[in-house]
Amino acid sequence: MGGVKPDKSIDIRGLVCPYTFVKAKLAIEDMEVGQVLEIVLDYPVAATSIPKSMEDHGQKVLKVEKVNETDWVLLIRKEKD
Amino acid sequence: MEFTEEQLQRYSRHIILPEVGGKGQRKLLSAKVLIVGAGGLGCPVGFYLTAAGVGTIGIVDNDTVELSNLQRQIAHSVKSLGRPKVESAKETFSALNPDVTINAIKGKLTRDNILDIMKDYDIVVDGSDNFPTRYLVNDACVMLKKTLVSGAILKFEGQVTTIVPHEGHCYRCLFEEPPPAGLVPSCQEAGVLGVLPGVIGSLEAAEVLKLILGKGDVLKSELLIYNGLQTTFRKVKVPKNPACPVCGENPTITELLDYEAGYCSIRR
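Protein chains in written order, with this note's numbering: chain A, 1 to 81; chain B, 1 to 268.
Any given hint could be a false lead.
[Unchecked claim] Cross-link-like lysine-lysine pairs, in silico, PhoX-like; alpha carbons within 25 Å at most:
1. Lys210(B) x Lys80(A)
2. Lys27(B) x Lys80(A)
3. Lys66(A) x Lys8(A)
4. Lys23(B) x Lys52(A)
5. Lys80(A) x Lys5(A)
6. Lys155(B) x Lys235(B)
7. Lys215(B) x Lys80(A)
8. Lys220(B) x Lys119(B)
9. Lys32(B) x Lys108(B)
10. Lys23(B) x Lys210(B)
11. Lys215(B) x Lys60(A)
12. Lys146(B) x Lys210(B)
13. Lys220(B) x Lys210(B)
14. Lys8(A) x Lys23(B)
15. Lys63(A) x Lys80(A)
16. Lys119(B) x Lys145(B)
17. Lys8(A) x Lys52(A)
18. Lys23(B) x Lys80(A)
19. Lys23(B) x Lys60(A)
20. Lys215(B) x Lys52(A)
[As the list claims (entries may be wrong)] Quick list of the computed label-pair ranges, beta carbon to beta carbon:
21. Lys32(B) x Gly34(A): 33 to 39 Å
22. Thr48(A) x Arg234(B): 39 to 45 Å
23. Lys8(A) x Leu17(B): 21 to 27 Å
24. Arg13(B) x Asp71(A): 25 to 31 Å
I should point out that these hints are in silico values taken from the structure, not numbers from a laboratory. For glycine and all other residues, C-beta sits at the position ideal for the given N, C-alpha and C.
Excised from the complex, chain A in its bound form (with noise of 0.2 Å):
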């Protein structure tokens, strides 16, 4: 998965819920099938509620790595409008 380029990137951090997922799903609406996704965020509870919302969504994750102390980053493919 470590190769896989996002076709867009949000740095949502500094974000809270509901507003990391709020800014997550319409980054996602905008793109097309199959592209991929990159989150960069910092609020902990969202690196497990974001990929699970996604998830219930019908979009794919592909990867969620804690990147350094305070941030992690997601990568989410778009499979369903």
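For this one, chain A is given, so just place chain B on it according to the hints.
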């Protein structure tokens, strides 16, 4: 259309619903809904559609706010006593959500003005308190092919139905003619439990939101009956009547009718 930060916050609980999302919220913001009546039903319908961010809401009503309204007409207050209900409602709804354009139309719907008033709206909601208006609104919606969400209440019982002209039934498929004046008691005569219009109006608002979003099922060719004393909901199938005088194959009503006044003749 990009959402403002305020809109993201205001509509966040909608946007995170798979059935709504940003796309659905944009549909709501560009929708235009006309509410007939700013009374028991019109108040909760207007409140929830405003909160939901339905972009343009017209409200038509000819009455002024009276103390006897306040037991159930939740958009009005003691501060608006004596003022037109549409103005009072506009003030309340605008304070709730400034995103929404509220068109306050003070007046009575008649055969002469109804088509002109309705033409700018996508969906019509009936919250009127009398049969002449109910039939006038039905006939006008059939003629203009506007979807109509219709609600009615009395005592402890209410009903809701959604009329999609020429696809499902219309009000005249259900009851061909209005009952004779005086036969069916009005709310003034028979009373109404204050919360009942809240239940029925909320159901009407939910129908409108689903129609705009294009999600779920609406009460097309169905009548939902709520009994507040027993706490029961009953759904009755209402077939489209091919011989309906207004939406049938050979309609006999081809222009709008104004029924005799005298239905809601008893004032509070």
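So does arginine 13(B) sit 25 to 31 Å from aspartate 71(A), Cβ to Cβ? 27 Å, holds
Lysine 215(B) and lysine 60(A) were given as a pair; does the straight-line alpha-carbon distance stay at or below 25 Å? 24 Å, holds
Is lysine 155(B) close enough to lysine 235(B), meaning Cα to Cα at most 25 Å? 19 Å, holds
Straight-line alpha-carbon gap lysine 210(B) to lysine 80(A), limit 25 Å: 21 Å, holds
For the pair supplied as a hint, lysine 32(B) and lysine 108(B), is the alpha-carbon distance within the 25 Å limit? This hinted pair holds, its Cα atoms lying about 20 Å apart.
With the threshold set at 25 Å, check whether the alpha-carbon distance from lysine 23(B) to lysine 52(A) stays at or below it. With Cα atoms ~21 Å apart, lysine 23(B) and lysine 52(A) stay inside 25 Å; holds.
Indicate whether the distance between the beta carbons of threonine 48(A) and arginine 234(B) respects the range 39 to 45 Å. Holds: the Cβ-Cβ distance is about 43 Å, inside 39 to 45 Å.
Does lysine 210(B) sit within 25 Å of lysine 146(B), going by the straight-line distance between their CA atoms? 15 Å, holds
25 Å Cα cutoff - pair lysine 220(B), lysine 210(B): 12 Å, holds
Regarding the pair lysine 23(B) and lysine 60(A), is the alpha-carbon distance no greater than 25 Å? Holds - the C-alpha atoms of lysine 60(A) and lysine 23(B) are around 20 Å apart, at most 25 Å.
Check whether the Cα positions of lysine 23(B) and lysine 210(B) lie no farther apart than 25 Å. OK: lysine 23(B) and lysine 210(B) at ~13 Å, within 25 Å.
Could you see if the CB distance from lysine 8(A) to leucine 17(B) stays within 21 to 27 Å? Holds: the Cβ-Cβ distance is about 22 Å, inside 21 to 27 Å.
Consistency with the previously given hints is maintained throughout, with no hint failing.
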